[in-house]
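Quick note, the sequences are listed as chains Z and B, same order.
Every number in this note's numbering is 20 more than the matching position in the first sequence, counting from 1.
Every number in this note's numbering is 20 more than the matching position in the second sequence, counting from 1.
None of these hints come from the bench; they were simulated from the model.
There's no promise every hint is true.
[Said to hold, decoys possible] Chain Z side only, calculated, beta carbon under 8 Å to chain B, not exhaustive:
| no. | residue |
| --- | --- |
| 1 | L107 |
| 2 | P108 |
| 3 | K160 |
| 4 | A283 |
Every value quoted in this text rests on a predicted model; they were computed, and no experiment measured them.
The beta carbon of each residue, even a glycine, is placed where N, CA and C say it ideally should be.
Number of protein chains: 2
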Amino acid sequence: MRQAGRSLPEYRDLRTRHGMLEICRTPELAVEVTLQPIRRLGVDAAILFSDIVVPLQAMGVALEIRPGVGPVIEHPIRSDADVEGLLPLVPEEGVPYVLEAVRALASELEVPLIGFAGAPFTLASYLVEGGPSKNHSRTKALMYSEPQAWRRLMRRLADAVLAYLRAQVEAGAGAVQLFDSWVGELSADDYSTYVLPEVERILGGLADLGVPRIHFGVGSGELLGLMAQAGADVVGVDWRVPIDEGRKRVGDGYAVQGNLDPAACLAPWDVLEAKALDVLERGGGHAHVFNLGHGVLPATDPGSLERLVDLVHDWSPSRGGLGWTAEQSRGGLGRTAEQI
Amino acid sequence: MRQAGRSLPEYRDLRTRHGMLEICRTPELAVEVTLQPIRRLGVDAAILFSDIVVPLQAMGVALEIRPGVGPVIEHPIRSDADVEGLLPLVPEEGVPYVLEAVRALASELEVPLIGFAGAPFTLASYLVEGGPSKNHSRTKALMYSEPQAWRRLMRRLADAVLAYLRAQVEAGAGAVQLFDSWVGELSADDYSTYVLPEVERILGGLADLGVPRIHFGVGSGELLGLMAQAGADVVGVDWRVPIDEGRKRVGDGYAVQGNLDPAACLAPWDVLEAKALDVLERGGGHAHVFNLGHGVLPATDPGSLERLVDLVHDWSPSRGGLGWTAEQSRGGLGRTAEQI
Numbered sequence: 021m022r023q024a025g026r027s028l029p030e031y032r033d034l035r036t037r038h039g040m041l042e043i044c045r046t047p048e049l050a051v052e053v054t055l056q057p058i059r060r061l062g063v064d065a066a067i068l069f070s071d072i073v074v075p076l077q078a079m080g081v082a083l084e085i086r087p088g089v090g091p092v093i094e095h096p097i098r099s100d101a102d103v104e105g106l107l108p109l110v111p112e113e114g115v116p117y118v119l120e121a122v123r124a125l126a127s128e129l130e131v132p133l134i135g136f137a138g139a140p141f142t143l144a145s146y147l148v149e150g151g152p153s154k155n156h157s158r159t160k161a162l163m164y165s166e167p168q169a170w171r172r173l174m175r176r177l178a179d180a181v182l183a184y185l186r187a188q189v190e191a192g193a194g195a196v197q198l199f200d201s202w203v204g205e206l207s208a209d210d211y212s213t214y215v216l217p218e219v220e221r222i223l224g225g226l227a228d229l230g231v232p233r234i235h236f237g238v239g240s241g242e243l244l245g246l247m248a249q250a251g252a253d254v255v256g257v258d259w260r261v262p263i264d265e266g267r268k269r270v271g272d273g274y275a276v277q278g279n280l281d282p283a284a285c286l287a288p289w290d291v292l293e294a295k296a297l298d299v300l301e302r303g304g305g306h307a308h309v310f311n312l313g314h315g316v317l318p319a320t321d322p323g324s325l326e327r328l329v330d331l332v333h334d335w336s337p338s339r340g341g342l343g344w345t346a347e348q349s350r351g352g353l354g355r356t357a358e359q360i
Numbered sequence: 021m022r023q024a025g026r027s028l029p030e031y032r033d034l035r036t037r038h039g040m041l042e043i044c045r046t047p048e049l050a051v052e053v054t055l056q057p058i059r060r061l062g063v064d065a066a067i068l069f070s071d072i073v074v075p076l077q078a079m080g081v082a083l084e085i086r087p088g089v090g091p092v093i094e095h096p097i098r099s100d101a102d103v104e105g106l107l108p109l110v111p112e113e114g115v116p117y118v119l120e121a122v123r124a125l126a127s128e129l130e131v132p133l134i135g136f137a138g139a140p141f142t143l144a145s146y147l148v149e150g151g152p153s154k155n156h157s158r159t160k161a162l163m164y165s166e167p168q169a170w171r172r173l174m175r176r177l178a179d180a181v182l183a184y185l186r187a188q189v190e191a192g193a194g195a196v197q198l199f200d201s202w203v204g205e206l207s208a209d210d211y212s213t214y215v216l217p218e219v220e221r222i223l224g225g226l227a228d229l230g231v232p233r234i235h236f237g238v239g240s241g242e243l244l245g246l247m248a249q250a251g252a253d254v255v256g257v258d259w260r261v262p263i264d265e266g267r268k269r270v271g272d273g274y275a276v277q278g279n280l281d282p283a284a285c286l287a288p289w290d291v292l293e294a295k296a297l298d299v300l301e302r303g304g305g306h307a308h309v310f311n312l313g314h315g316v317l318p319a320t321d322p323g324s325l326e327r328l329v330d331l332v333h334d335w336s337p338s339r340g341g342l343g344w345t346a347e348q349s350r351g352g353l354g355r356t357a358e359q360i
């Protein structure tokens, strides 16, 4: 889950001088921002600082990240002809700066680096809507009305995402996370019909690399079983579904990740502590990656995050180890979800 | 569920001359806009055209509805002292125009009129955030950090909502719908602790009026059982949870409402038809109010809505009647969920 961000003064300071996409495209800056929360919080893994739209630029999509709005696409994709204009992604040519940052981080970090990419539905939604959307109605309209154009769009995006994630692992990422931020807008039937096959192709296409594959969506409680079956090792659960219930929906043989409400980190310590302990206990101390249920909120006091990390570390040894440790990380890419 | 809106040319035409709050506060306009979808679509019940912030104005809250944004609160409520400034709602004095519209509609309509109000959590979120919010973080921060101020805020809002809904029924509404639009942002634990008691007080306080009480939230699949227990007769289910699964979560003794994805109405007819039939079949033909899973999207072709209403009407008699009919509505206020 996003760790760095506006909750950290060192990040806010850097953002006064550099734009979001500039950071993503400048390896030294991406490395610095990725390291900021590791230095301050002592978490057990780092997640690459980037934005899910970065590979889209390399596919020929003109876009900007507008402050207070989010990604804005200059020419939204709304027809078969528009889809045709999307270029294939060759990571070493299209996003060399990302791979350079991953290589630098892999050699510098004492904890594993999690690579990441946005999943095809979420990327498609940005491309079709032209930016963030309340109800994703144009995306769904395309999906229902022009299934061939939709399938071609999803196929191209899945090809790109697979190449992008493989390249990150080959550059040194020790795990990958596939973010399908908006997929919770779909019913399970629509997910199965219009999305699942391409996600299966991505996650299946990573299997030979032997790194844990984390799959996460927001508000996707009804899809957890399908998201696991798509080929995840770890399924991220947001805070709406208690994590023990999430584990039931995910089924046997998977780890779960989550799921403290990020807003709980705005609470006084006694409230935050009780909520974090509840997540730990429901997680059961095995096959559970403790995490927030979504990204850190900007108003969060970093001091609360530090105490939270300590709490999780203090709790975990008595139950058999949660999260990655530096020792485990030295095992390299061969770890599986069972070992997390 | 909201029926009128930008999908109807007659509504768009009227909006070129009148603002949203102006329509809500002018009985002739509110009546006209409430009637527009009834005339065009032939649905089995009307829902009062209004906005959930209307009673807040009458409680002394300065606000406007800003186009493209939504409600904006001039002085957000973020402390006990701010809560103190909220006036009690006396409907006949504070919102006489709403009651006048309800009275006119009740005498003019051949189908029942559903009154409605926003639920305390959703109203509190607007008041605390100052407008629409992505993550409701200030609201949750207040809830966790100042539980006394939170409880007082919820109590005042619940008092107002109860008075408002009672007044609508007394003016002729044949059912009420309590909309908790944002409640799906909460975990079940937080809902139980911080929200449920006041919703119970509202729904319980309407019991003696003998009208069906519909309770609806968006993305609230994990809360359906609690929302039923709060005292609903009918629980609205959005499109994320299949309605047969929603019925299981709601439990025996309740009716369910929903739950076609509003985006399905943007699809070609064969796709829309298949999706609507799926909802009808999962609904099982009893204790089910066919509806969309949220409001009509602006881009919807009214012709698709007309065909959809016909489809539901054609389907229902063979299974024992869905929705209200004009005959049933003449029974007045004495109907219960079992009779829907």
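Any hints from earlier that this structure breaks? Give me their numbers in increasing order, please. 1 and 2
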